[in-house]
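Trainee: Given next are the chains, with one letter for each unit.
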Amino acid sequence: MSGQHAFAAALLAPRLDPPAGLHGRGGRGAGRRFDIYRNNVVASLIAAMETGFPVVRALVGAEFFTAMAGEFVRAHPPSSPRLMLYGTAFPVFLAAFAPVAHLGYLADVARLELALRESYHAADATPLDPRILTTYTAEDLARMRLRLAPALRLIRSDWPVLGIWQAHHGGRPPQPGPQDVLIARPGFDPVPLLLPQGGGAVIAALKEGKSLGSALECADSEFQDSDILELLNILLKHGAICGFQGEGHNA
Amino acid sequence: MLDTTHPSLPPRPGVGFKAQHFSDIQADPGPVAWLEIHAENYMGDGGRPLAQLRALAERFPISVHGVGLSIGGEGPLDTDHLARLKHLVDWLNPASFSEHLAWSTHEGAYLNDLLPLPYMQDTLARVCDHIDRVQHTLGRRMLLENPATYLEFAETEMTETDFLAAIVRRTGCGLLLDVNNVHVACTNRGADPVAYLDALPLDQVGEIHLGGHDAQQDEHGNPLLIDSHGAQVADPVWALYAHTIARGGIRPTLIEWDTDVPDWPVLAAEAARAATLAAEVAA
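Chains A and B, in that order, are what the protein sequence lines are. Sequential numbering from 1 applies to the first sequence in the UniProt record's numbering. Sequential numbering from 1 applies to the second sequence in the UniProt record's numbering.
Do not take every clue at face value.
No farther apart than 20 Å at their CA atoms in a straight line, the calculated lysine to aspartate or glutamate pairs in the EDC-like style are these [unchecked claim]: (1) Lys210(A) - Asp227(A); (2) Lys210(A) - Asp225(A); (3) Lys86(B) - Asp45(B); (4) Lys18(B) - Asp28(B); (5) Lys207(A) - Asp45(B); (6) Lys18(B) - Glu50(A); (7) Lys18(B) - Asp189(A).
Derived coverage of chain B by chain A (criterion: at least 3 residues anywhere in the stretch with Cβ under 8 Å from a Cβ of chain A; other residues may be distant) [unchecked claim]: (8) 99 to 109; (9) 219 to 231.
If you're looking for bench data, these hints aren't it; they were derived computationally from the structure. Beta carbons are placed, not taken as given, at the ideal position from N, Cα and C, and that holds for glycine.
Same shape as in the complex, but just chain A (with noise of 0.2 Å):
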């Protein structure tokens, strides 16, 4: 075994002994020494998911998001230097995560703080001008496929995870039912916005690259054809869409 994977396998195993050939002052031994370089590991990714999920961290607890997030690092580490996006595997680790099996919303908050991260590190893109629409008639619109913002973001939930999130930042207690949300990012901060009941399924479609309307056609039952028009308005209002694409309409 290489000196370097010993060493890693002992700074994420905190029962395993500093590995051999290591020594502090005067060649004693290293044990307190090594701890720093464990401490250092294991408390900085733990900091980083702290920053990345406030609301997880809300609903459970400080004391215990630390001790959770220690066993998450350890299993996970970061695959990249880019912490920004560390913690892709939270959502399926806290699905699994025996302790928290009565919070079975827990996964999809999350889903979405991860999401707002994404959109916030996400490439600029220069919004449409909604005033563009009204040149077009109804069949064109059904025929274009929207070209959305790279910072766009979409979280289906069977809770109401939105309402979770609002509420942790001063907003009402949330009511049942499932949520839609859509995240746009109008200048740099990313807003997440409710859906239309169902509205969730056109978004899916629209991001795939299908046209309006075809995304339609995909909608679910509850989903009624005159919230086609709310839908667009939350696009068009929060800089969501950038352009079309094919059929000669690149804008």
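Go by the hints and put chain B onto chain A.
Mentor: Using the frame of chain A, we list chain B on its own:
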């Protein structure tokens, strides 16, 4: 590439840029003549971080300081990470690029700390290969930072200063001399920091770092200093800084403050202290 006109860092104080200081710096940078960023924090695709960096780069020379390349790693360099670094450096055209004599990635796991390595012929060859690759990929000379270490390796065959000097000779890279790291590492192994400084090729130093540390003890009662970047620069470190610039000349000098980051006036005052000390040494 941004239209930046800063071919090198000026021999004046700089600070590690923190987003919360953006408006303060734009309003009045005080003694601060340049800024350093951690490369990894600017590897997103867009948004506020890159917009702020673009605005700062129009006004200040920027030093890109990598913390995640794992130059001292046993494995090959992370090609994806090196490509991201090249993308950032090509776009920003910074006045300087630096990284650490340390490793942080093993078998695809990024450990988010600057981990130590033994100093011997095969680790020297590997570090030099990695630096060659970085300098070739980025198309520029890099600076390598001396580490703050807490322990030593039985298999080490040469001193850290001989190791660094050999890297500089073989690769043509420069040194980023972290004077706080010299104080921390020498105290931790019971060595003389002045002798350490005097053993380095100080003419190859392109930048100096100053930062704060925490003081603890190991289980045997020996002092154990931790490189925390969370406090003011300690008096013994200022004294070593004065010795360094008296012997090696005045260099671009960075105040690093990464945890418990203070309000801008406190950070600016540390930068002013570095400038005052440099003026006294030059007089």
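Trainee: So, against the hints stated earlier in the document, which numbers end up violated here?
Mentor: none
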